[in-house]
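As given, the protein sequences belong to chains A and B, one line each in that order. Quick note on the numbering used here: the first sequence kicks off at 1 and runs consecutively. Quick note on the numbering used here: the second sequence kicks off at 1 and runs consecutively.
No wet-lab data here; the hints were simulated from the structure. All values derive from a computational prediction rather than experimental measurement. Each residue gets a CB set at the ideal place from its N, CA and C atoms; glycine is no exception. Do not rely on the hints blindly, as some may be mistaken.
Unchecked claim - Partial pick of chain A residues on the chain B-facing surface, computed with a CB cut under 10 Å:
#, residue
1, LEU132
2, GLY135
3, LEU139
Unchecked claim - A few chain A residues facing chain B, derived, Cβ under 7 Å:
#, residue
4, VAL113
5, ALA117
6, ALA272
7, VAL273
8, LEU285
9, GLU287
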Amino acid sequence: MSSPAAGGAVGAVVLLPLGVAVLALAVASVNGAVNARAEGGAVRDGFAAPVRETARLIRQQRRTLPGADSLLWRIAGAGLGIAAVLQVVVIPFGDVTFADLPVGLVWFNAIDVLLWALWWLLGWGANSTWSLVGGYRFLAQALSYEIPLMFALTAPAIGAGSLRLLDIQAAQQSVWFVVWMPVSFLIYVASVVAFSSWGPFQSAVGVDIGQGVLAELSGIDRLLVLGGRYAVLVAGAAFSVPLFFGGGSGPLLPGGIWVVVKTAVVLAGMLAVGRMVPTIRPDRLAEIAWVIVVPLVLVQLAVVAVIVAVNGGAL
Amino acid sequence: MIVALIFWAFAALAVAGGIAVFVVNSMARATYALAVSFVAVGAMIVMLHLDYIGVITILMMLMEMAIMAVFMVMFMGMNPALMPMDMTHHKRRSVILAVVVFAVLVVAIFLIPWPARTGTPAADLTRSLGDAIMGTKMLVMLAISPVLFATIVAGLVLANPRGRYDRYGDQLDRRTTDGHPDPDDPVRGGIGR
């Protein structure tokens with residue numbers, strides 16, 4: 001246990017999943033509180049709603065439709081939370097990082113593509129029409145957000161001249177990337193909300209198709225998916241910290257604390273803005289994404305590339 | 001030793017996933033068995049210290065399999081793709097072909113005089129890959145991408161039975177005499193065109 005590698009492994013296996021779960025619960029609680037307030041109920045009840053729902057789902061017997069592909073269904077349900085942890089594991093907390101991948105940025109991208117498979121399999125496995133419609137809605141949405149997201153991720157890599165997150169974080173010592181890559185940042189956070197099927201991008205679990213992907217989930221399966229949704233939202237917010245907010249840099253407090261604080265601020269922004277925007281249909285999103293957003297992000301990349309070329313590096 | 005064991009475990013997983021593609025009886029399972037096989041190959045590439053190519057392989061293959069799930073339902077009609085079905089056809093010819101190819105490859109492994117390594121790998125393999133693609137191989141990339149993209153789009157347009165092209169033909173911007181769009185598509189895009 002004395003070696004740093006063993007300590008890091010323990011941290012990655014125990015601390016990270018716990019931290020992601022706690023933050024995910026916090027986001028769900030705040031969301032529940034705002035929901036309760038909007039419906040005129042007691043804020044405290046809303047705040048405790050996710051805990052109550054967790055207790056209820058743990059005791060609930062899981063049910064499965066005849067003909068369901070339980071294997072793929074359950075793999076996908078459990079996979080959301082695992083994907084979230086796999087994304088967080090490469091994030092540097094100050095100078096400390098659990099897994100220092102030379103291509104950490106591409107790793108994040110690969111895991112967010114894994115979510116395509118997981119959401120579709122969730123829709124497929126239930127053997128229910130509405131679930132399958134939800135799964136296909138997610139893929140249709142993914143075709144709109146993924147290309148802008150990939151381009152948006154390219155901007156910090158160009159700025160730092162590296163795919164390693166420690167380098168990207170170090171390149172922001174004087175100016176945070178969010179200052180001169182605002183378009184990339186906005187597209188990034190929108191995509192994070194989209195791959196979590198949350199906020200305005202929740203048509204895959206929309207009420208108009210009986211909760212779609214969630215329709216047939218019950219008991220522990222439902223808990224894993226509901227929690228996993230918030231977990232990937234947290235992971236995406238946490239990943240924006242080394243990409244756009246200078247990682248663990250900040251006065252007084254240690255770097256690890258700053259990463260968590262900045263993550264919480266990004267999450268609060270996602271919650272606030274996400275609740276104000278109505279749900280967008282995937283077929284409408286496609287044209288918005290390809291006709292407006294892709295050219296915008298390409299202009300952003302051009303600006304970043306010119307700045308880096310003229311300045312000989314990050315600002 | 002441990003690294004070698006992990007490498008062989010991934011290799012076994014890749015082969016097992018490949019076999020599973022033809023053993024399972026559902027399109028979804030076959031698709032994602034193939035995805036598991038490819039992800040295992042990607043992990044092996046990462047273990048060869050080709051981090052970028054390895055992770056990109058995992059990324060692309062997962063994406064490809066997810067898209068394949070869309071296509072298989074779109075082009076097979078709802079029923080066959082969603083029902084249990086046999087994943088093999090032309091069994092005898094396929095088996096003969098597979099055995100012959102396997103035998104040829106195995107014999108080749110032992111007969112080919114493999115060259116000894118000359119030179120050393122670059123310090124930053126991702127950078128040298130980028131230099132190659134954006135430098136000397138740029139022309140090839142520029143030529144291949146539009147051809148591939150045009151092939152995909154043309155294939156979709158021709159094969160999709162009830163797509164926009166089939167319903168309205170070409171010249172989607174034509175107008176009637178009173179100025180209305182002639183192919184009056186009831187499903188408008190997100191920016192109201």
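Evaluated hints:
{"no.": "1", "hint": "LEU132", "verdict": "holds, 8 Å"}
{"no.": "2", "hint": "GLY135", "verdict": "holds, 8 Å"}
{"no.": "3", "hint": "LEU139", "verdict": "holds, 6 Å"}
{"no.": "4", "hint": "VAL113", "verdict": "holds, 5 Å"}
{"no.": "5", "hint": "ALA117", "verdict": "holds, 5 Å"}
{"no.": "6", "hint": "ALA272", "verdict": "violated, 23 Å"}
{"no.": "7", "hint": "VAL273", "verdict": "violated, 19 Å"}
{"no.": "8", "hint": "LEU285", "verdict": "holds, 6 Å"}
{"no.": "9", "hint": "GLU287", "verdict": "holds, 3 Å"}
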